[in-house]
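My request is simple: use the sequences and hints to build the entire structure.
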Amino acid sequence: DGGITQSPKYLFRKEGQNVTLSCEQNLNHDAMYWYRQDPGQGLRLIYYSQIVNDFQKGDIAEGYSVSREKKESFPLTVTSAQKNPTAFYLCASSSPGDSHLVVFGPGTRLTVL
Amino acid sequence: AQSVTQPDIHITVSEGASLELRCNYSYGATPYLFWYVQSPGQGLQLLLKYFSGDTLVQGIKGFEAEFKRSQSSFNLRKPSVHWSDAAEYFCAVGARGATNKLIFGTGTLLAVQP
Numbered sequence: 006d007g008g009i010t011q012s013p014k015y016l017f018r019k020e021g022q023n024v025t026l027s028c029e030q031n032l033n034h035d036a037m038y039w040y041r042q043d044p045g046q047g048l049r050l051i052y053y054s055q056i057v058n059d060f061q062k063g064d065i066a067e068g069y070s071v072s073r074e075k076k077e078s079f080p081l082t083v084t085s086a087q088k089n090p091t092a093f094y095l096c097a098s099s100s101p102g103d104s105h106l107v108v109f110g111p112g113t114r115l116t117v118l
Numbered sequence: 310a311q312s313v314t315q316p317d318i319h320i321t322v323s324e325g326a327s328l329e330l331r332c333n334y335s336y337g338a339t340p341y342l343f344w345y346v347q348s349p350g351q352g353l354q355l356l357l358k359y360f361s362g363d364t365l366v367q368g369i370k371g372f373e374a375e376f377k378r379s380q381s382s383f384n385l386r387k388p389s390v391h392w393s394d395a396a397e398y399f400c401a402v403g404a405r406g407a408t409n410k411l412i413f414g415t416g417t418l419l420a421v422q423p
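Protein sequence lines, in the order shown, are assigned to chains A and B.
Throughout the first sequence, residue numbering follows this note's numbering, covering 6 to 118 in sequence.
Throughout the second sequence, residue numbering follows this note's numbering, covering 310 to 423 in sequence.
Read the hints as simulated data drawn from the structure, not as lab findings.
Accuracy of the hints is not assured; some may be wrong.
From the structure, some residues in chain A lie toward chain B, with a derived Cβ separation under 8 Å [what the hints assert, rightly or not]:
#	residue
1	L32
2	L106
3	V107
4	P111
5	G112
If you only want the chain B side, here are some residues facing chain A, beta carbon under 10 Å, derived [to be verified]:
#	residue
6	V313
7	I318
8	A401
Glycine is no exception: its CB is placed at the ideal position from the N, C-alpha and C atoms.
Below, the structure written as structure tokens:
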């Protein structure tokens with residue numbers, strides 16, 4: 006079955022450490038996205054990539070970095086510069102041919118201690 | 310700038326009762342409109358979408374939504390709620406353009422009483 010895999014489901018890190026969240030999709034989608042979810046704030050776009058080796062900042066990119074070396078993979082690094090990194094992180098993907106249908110992964114809950 | 314407002318943070322309904330979740334959007338033209346559902350600790354599942362055509366759209370799990378251009382609204386409805394519908398619901402808009410970026414509302418948490 007096609008879908009998006011995010012690992013791990015729960016991640017704990019000490020303050021000041023960088024951490025990388027994994028996102029892999031086998032849907033052959035061109036575009037991939039990272040959203041952050043906080044209680045009462047909905048989902049906010051961190052970064053998105055429409056094609057391999059290209060990505061753009063979303064609304065809250067500060068303190069985060071991404072790469073898109075392969076079509077299937079879009080890892081997100083939460084750096085020590087992110088002031089409040091504890092959140093639920095959702096990866097998503099879409100294909101232009103599917104008329105803006107965005108598919109979401111199961112999410113990773115990051116807790117920084 | 311695009312924005313989405315879900316005025317109800319939390320709603321409680323009795324099982325078997327009807328449900329309406331409100332969504333208002335701000336956008337210069339007709340956007341793409343979506344409703345997603347999220348169970349605790351899970352990703353988002355698409356319930357339904359509006360792109361064009363008939364303003365009443367049917368989705369999965371017995372949900373429907375109506376696009377009203379004059380009110381800039383896209384309210385979600387279900388005639389009879391089941392206990393399994395308890396979840397958080399998100400309305401989202403997408404621009405008709407090159408990217409599939411979505412702007413989300415803050416969500417409505419639905420509780421279902423027996």
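Next item on the list: Against the structure, test the hints numbered earlier, and report the numbers of the ones violated in rising order.
Entry: 1
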